[in-house]
Amino acid sequence: MYFFLDVFGIAVFAISGALSAGHKKLDVFGVLVVALVACLGGGTLRDLILDAHPVIWIANTSYLFIGILAALATFVLVRMHWIPKHTLEVCDAIGLAFFTLAGTQKALALGHSTEICLLMGLMTGVAGGVLRDIICNEIPLIFHKEIYATAAIAGGLIFLSLHHFQVNEQLAAILGMATTLVFRLAGIFFGISLPAFLFSEDERSNE
Amino acid sequence: MYFFLDVFGIAVFAISGALSAGHKKLDVFGVLVVALVACLGGGTLRDLILDAHPVIWIANTSYLFIGILAALATFVLVRMHWIPKHTLEVCDAIGLAFFTLAGTQKALALGHSTEICLLMGLMTGVAGGVLRDIICNEIPLIFHKEIYATAAIAGGLIFLSLHHFQVNEQLAAILGMATTLVFRLAGIFFGISLPAFLFSEDERSNE
Amino acid sequence: MYFFLDVFGIAVFAISGALSAGHKKLDVFGVLVVALVACLGGGTLRDLILDAHPVIWIANTSYLFIGILAALATFVLVRMHWIPKHTLEVCDAIGLAFFTLAGTQKALALGHSTEICLLMGLMTGVAGGVLRDIICNEIPLIFHKEIYATAAIAGGLIFLSLHHFQVNEQLAAILGMATTLVFRLAGIFFGISLPAFLFSEDERSNE
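Protein chains in written order, with our numbering: chain A, 6 to 212; chain B, 6 to 212; chain C, 6 to 212.
Hint data in this document are derived by calculation from the structure and do not stem from the laboratory.
This structure is a prediction, so every number in the text was calculated from the model and none was measured.
A hint or two may mislead.
If several chains are the same, the list does not tell them apart, and a pair holds so long as it fits within one copy or across any two.
Calculated pairs, SDA-like style, for lysine to any residue (alpha carbon to alpha carbon, straight line, at most 20 Å) [as the list claims (entries may be wrong)]: (1) K111 x I163; (2) K30 x I139; (3) K30 x G192; (4) K111 x H58; (5) K30 x F80; (6) K30 x L77; (7) K111 x I99; (8) K30 x G196; (9) K111 x T66; (10) K111 x P59; (11) K30 x L146; (12) K30 x N142; (13) K30 x I144; (14) K111 x A64; (15) K30 x E143; (16) K111 x L162; (17) K111 x D56.
Same shape as in the complex, but just chain A:
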């Protein structure tokens, strides 16, 4: 199941990267790069910061091929109008849930403290999307979108709490992922967002 979720997460994030790049008139190569950054950027940044060499896609190059294949598949899917918005968002939520858990577990296995594990889970889940948006010259979507990072943090907290109380590892992992998924789906389907944090003159004039 882990292997399946891993492949699934990478494929979904690569597709999200290819779609973002496709809206920016990038050429085929640019689309591939943005797709790879979106699906592997979070794990790469985590591995660099934790000094966990070799980084994930050097240790296992099949990640690269999955990302490239998913990006190429996006060409076909888009032409066929096969990517309905909510389907993609639900897949992305599953990817987020799994990546967050995988990042948390990796930091835990390296013996890091609870707060670092939580942060590394969050980084693995969201940094790819942040880097994707920076390359595409946009303010990162996850910073002003329905509950996204909050879902990752909630899932990481549940997993780490259960792990702390020595709940069975697999059960803790499933409950952690379920938490992220529920929060994120609630954000998507009920349109719940965190309050924005405005300092602009517009806001002041409204006060």
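Using the hints provided, position chains B and C relative to the given structure of chain A.
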């Protein structure tokens, strides 16, 4: 005093990050991330490049909490109109002076050459602000602002020169920080900038 | 010849960085930083990801000085109208050919697999330009430009194939660089581009 300056520098840079993010309609989470990147990004990049693991905020997680607290405090300070422009700029100058010194000293302790120490001091002082502006989709402020990096370089040069001539370490540190501070404050209060380096048609047509 | 190509590549990429920055009203310091990022960013990212410490410009600080000198020289060259467009593009193509080869060889010397060597060559050749454009708040040029990354990939593939069949190392290196150069020059002089990958409404309405 070192500990106080460290906390002070992180808090001030986190506030600057929170204020930048606040102008961009980011949500609460986005503001926290940008604040953390602004206050810890320079040190993180330095530690990655110098291979000085664990990176600063993994070695001491209280940095993370200080950054988060400062970002949250910004909410309150802004509502209360408690952040006058010049006060913040002066605090930022103190943060720059200290971060530059801390980065230079760390590279020196790791046995690097003078030019690398200078560059690492500069990177520690300014890279957080550069990353903050990249995430907020702006051309980095420090690249077209009153003497900012120049102040960091000047302070680093004074510290490294005094260190070379075996002046007392603490005295050298204080003089280095004072140099950065004086240059930066001169930039703020007299509006001194480096000349811009334009190649655009506008400039040519003015020639 | 290696040393000459190395210096040449760094100088040309630094000039390209200085020219980009110069169009953005950056000050002198900003121009220097963007020039250094353009000429050393690709190698730095490669070394961080491969855990090949010390990074290239710490191991040999003359790279820093070459980059800074080339950026300063750009001031003079521009004032004198000494930078004709095609000359710069041809020089940049030579830089790309050499950087790609150098990155591929470094990954090969560290014992990495063929696909990682190819990717590291590509990263060394193009990441500096990508980072330059991100700092200058542009969508990276190489993602929507005449054959650029494709040229790097082609050169890397030729070199790695010849190396695999145990062709003399120097001959393989020269043929690899020549391949990159020919592809890139074809892109420049015949204006060949990869097809763009558009998903926008505009495109759909044209279908």
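State whether the alpha carbon distance between K30 and N142 is at most 20 Å within one copy, between copies, both, or neither. This pair counts as both: shortest intra-copy Cα distance 12 Å, inter-copy 16 Å.
Status of I99 relative to K111 across identical chains (alpha carbons, at most 20 Å): Within one copy only: 18 Å inside, 38 Å across.
Practice item. Indicate which option fits the pair K30, I144 if close means a Cα-Cα distance not exceeding 20 Å: within, between, both or neither. Key: Both: 18 Å inside a chain and 10 Å across chains, each within 20 Å.
Using 20 Å as the alpha carbon limit, work out where K30 and G196 are close: within a copy, between copies, both or neither.
-> For K30 and G196, only the inter-copy Cα distance (17 Å) is at most 20 Å; the intra-copy one is 29 Å.
State whether the alpha carbon distance between K30 and I139 is at most 20 Å within one copy, between copies, both, or neither. Classified as both: same-chain Cα gap 15 Å, cross-chain 16 Å, threshold 20 Å.
At 20 Å max between alpha carbons, let me know whether K111 reaches I163 within a copy, between copies, both or neither. within (16 Å within a copy, 37 Å between copies)
Practice prompt. At 20 Å max between alpha carbons, let me know whether K111 reaches L162 within a copy, between copies, both or neither.
Written response: within (15 Å within a copy, 34 Å between copies)
Given identical chains, is K111 near T66, meaning Cα to Cα at most 20 Å, within a copy, between copies, both, or neither? both (18 Å within a copy, 18 Å between copies)
Q. How would you label the pair K30, F80 (within, between, both, or neither) given a Cα cut-off of 20 Å?
A. The answer is within: 13 Å in one copy meets 20 Å, while 33 Å across copies does not.
Pop the pair K30 and E143 into one bin, within, between, both or neither, using alpha-carbon distances up to 20 Å. Both. Shortest intra-copy (14 Å) and inter-copy (13 Å) distances satisfy the 20 Å Cα cut-off.
Next item on the list: Indicate which option fits the pair K30, G192 if close means a Cα-Cα distance not exceeding 20 Å: within, between, both or neither.
Entry: Between copies only: 18 Å across chains, 30 Å inside a chain, cut-off 20 Å.
Notebook entry, point to check: Given identical chains, is K111 near P59, meaning Cα to Cα at most 20 Å, within a copy, between copies, both, or neither?
Noted result: For K111 and P59, the Cα distance is within 20 Å both inside one copy (13 Å) and across copies (15 Å).
Of the hints listed earlier, there is not a single one the structure fails to meet.
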